Amino acid sequence: MTLVTDTSTPSSAEVRPDSGAPVVFDNVTRRFGTTTALDRFSLDIAPGELIALLGPSGCGKTTALRVLAGFERPDNGRILVDDKDVSTVPAQHRNMGMVFQSYSLFPNMNASDNVAFGLQIRHQRSSQRRAKAGELLDLVGLADQLAKYPHQMSGGQQQRVALARALAIEPRVLLLDEPLSALDAKVRAELRDQIRAIQQRLEITTVFVTHDQEEAMSMADRVCVMSRGHLEQVATPSVLYSQPATPFVGQFVGVSSRIAVTRQSDHVEVLGRQVKIRGDLSQVPAGDLEALLRPEDFDVIVNPVGLGIVNHRSFLGATTRLGIGIGGANLRVDVRSSQAENIDVGTRVDVSVNARDVLVTTPQPSK
Amino acid sequence: MASLELGQDIADPLRIDAPYEADAPLNKHRRRFRWGRGAILIITAAYFVVPFYAGMEYSLQRPTGGFSLTPLSQIGSAPGFVSALWLSTQLAVITMLVVMALMVPTVIYVHLRLPRFRRVMEVITIFPIIIPPIAYSVGVLEAAPQWLRNSQYLLAIVYVILAMPYVYRSLDSGLGALDVKTLVEASRSLGSSWLMTIWRVLVPNLRAALMSASVLTLALVFGEFTIANVDNWQTIPVWIYLAPTDNPRINTLVAMIALLATAVVLILIVSLDRSQSRNSRRSR
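Protein chains in written order, with my numbering: chain A, 1 to 367; chain L, 1001 to 1284.
FYI, nobody ran anything at the bench for these hints, they're computed from the structure. Fair warning: there could be bad hints in the mix.
Beyond 10 Å from chain A on every Cβ pair, some chain L residues (computed) [stated by the list, open to error]:
#1 1040
#2 1056
#3 1076
#4 1098
#5 1100
#6 1114
#7 1115
#8 1123
#9 1146
#10 1156
#11 1201
#12 1257
#13 1260
Not the full set, but computed from the structure, chain A residues with beta-carbon under 10 Å of chain L [unchecked claim]:
#14 32
#15 36
#16 70
#17 92
#18 93
#19 94
#20 97
#21 100
#22 101
#23 103
#24 104
#25 107
#26 119
#27 165
#28 169
Just so it is clear, the structure is predicted and the values come from calculations on it, not from any experiment. Cβ atoms here follow ideal geometry from the backbone N, Cα and C, with glycine treated the same way.
Let the sequences and hints guide you as you build the complete structure.
As structure tokens, this is what we get:
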């Protein structure tokens, strides 16, 4: 499937909803029976920002989105949109467009009628509805699919119609609930870029729920990492990756290796090198700890009498990821693929650390 | 990042080179199965067609030999037929409207808010089939207020209860083929009220289920004899059994026509239902 719309060029489909609205989660708690899905969750979203809620299953990201959409009522706390408390406003009065994970097009309506549905609810004239539906379908690259029914379209096309439908009502906030997870990899990458381009062009505040960190990092202005109903860290993708605020973020975002270390004042010794401890030292306990290191934090040299032994090798394109067993730790290390040509499973290597500072955490209990 | 990792092994490369002969035993089994299926189909068809053919032969046979379509033209003028048909039609329409008005919101509510209650609903809605019709007749007549006792609406209320198992199952199966929760939430996020969501989004997608439920209700009302007879209402089935015609062949002919019409409508509904299920699956 090829996306034909040039979303960088302005067209007649100017669905500019007064730009985006600021959104605030203010200490929001939502419980289901004895389970607390959202626990005093607070987050400020700037107008026109695309923020990704990222976390493992059950972390509360979908609950946060549903509370914002009005499908769930918070037990405590407030939701502010445009500085107005909408916590008790029913979903149909919030003016938020939503794209769902499962294809949510109405099977009895064709693409054009699906897009025009929200406009019909708003009592717009038939000619206006048709014109706007046409413009929006053109915006998502489906101008020639107006009369097609959902069962006649592919998953990617259905999600693009769903996006056009959500934009048709000129929402104050656009909500995306894992809209790409049911699509195959190629379509997912194309649609991801298209959603981002449209969002930036319309400057619409967007909340995007995903468990796919690649998706979150590549699309979002900021990523909000959640765990067990809490906000762990909210930051730009690069900060999140390079300066994780908590061990959970360090482990969840990207790939990291754990190495046993002992704190010595403001540094730890990792593979024979002194490395500064990152972050607030007052929060770091003394004694035995574990350092979290990224695959690019290591250098590898082949050495027939080296202490490390390569036990796994995965080709990733420009780089190759090596699994290296050394001193009881199993490290994941990225090397340039050209360098990895002479490194096979069983090769002995020397490994050193090139990181300026490291995040440390209390040791994980052995399984 | 983890999601970028490549280098996975093919789980079972042998499957790619699996010998083609491996399919042979399966084909044999399929062939045997088709024969068995054909035999069952022929026996089942005979079960329905033979009595139907016998009934039609009896109705259209001349006493002197040969067949005639004259009895068809005599149906309309048979004493009591038109009034019985009118009464059955009224009852069918009222029953359909009431049972749909009650069951459509109920089944939608159960699917959306009380999915765990579906099993309980299945059990509850089976009761009208278990309870003997005569018990309804006596029980409802006793419980009904005086003003309703001599009205055909009382019979319609009984039929609403009798139709409940069929209507519930049709609607339950229709809603089961849809992602109701997502459709409702999509509709509401676009500004639609609950009533509008049911009317514009759910009901059109339940067309086949609603038609199926309607025809089953129609068949029930046009086929129910015991309660109508005990309550002294001359509906079509009662007329077929008791009508004072001088030609019993006409009664049989009416029964056969009703049977044929029901069968044709049911076949149409099954075809429509299959097509809708296919479309729903594709669009999910």
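Right, here's what the structure says about each hint:
1. 1040: holds, 32 Å
2. 1056: The claim holds: residue 1056 of chain L sits with its nearest Cβ about 40 Å from chain A, beyond 10 Å.
3. 1076: The claim holds: residue 1076 of chain L sits with its nearest Cβ about 40 Å from chain A, beyond 10 Å.
4. 1098: holds, 25 Å
5. 1100: holds, 18 Å
6. 1114: At roughly 15 Å from the nearest Cβ of chain A, residue 1114 of chain L sits farther out than 10 Å, so the non-interface label holds.
7. 1115: holds, 15 Å
8. 1123: holds, 25 Å
9. 1146: holds, 45 Å
10. 1156: Nearest chain A Cβ is 30 Å from residue 1156 of chain L, so the label holds.
11. 1201: Violated, since 5 Å does not exceed 10 Å.
12. 1257: holds, 34 Å
13. 1260: Given a closest Cβ separation of 31 Å, the condition holds.
14. 32: violated, 14 Å
15. 36: Violated, because the Cβ-Cβ distance from residue 36 of chain A to chain L comes to roughly 22 Å (cut-off 10 Å).
16. 70: With a closest approach of 8 Å, the residue 70 of chain A hint holds.
17. 92: With a minimum Cβ separation of about 5 Å from chain L (threshold 10 Å), the hint on residue 92 of chain A holds.
18. 93: Hint holds; residue 93 of chain A Cβ to chain L Cβ min 7 Å, cut 10 Å.
19. 94: Nearest chain L Cβ about 8 Å off; hint holds.
20. 97: Where the cut-off is 10 Å and the nearest Cβ of chain L is about 7 Å from residue 97 of chain A, the hint holds.
21. 100: Given a least distance of 5 Å, the restraint on residue 100 of chain A holds.
22. 101: Status holds, d = 8 Å.
23. 103: Nearest chain L Cβ about 6 Å off; hint holds.
24. 104: holds, 4 Å
25. 107: Given a least distance of 5 Å, the restraint on residue 107 of chain A holds.
26. 119: This interface hint holds because 9 Å falls under the 10 Å limit.
27. 165: holds, 7 Å
28. 169: holds, 6 Å
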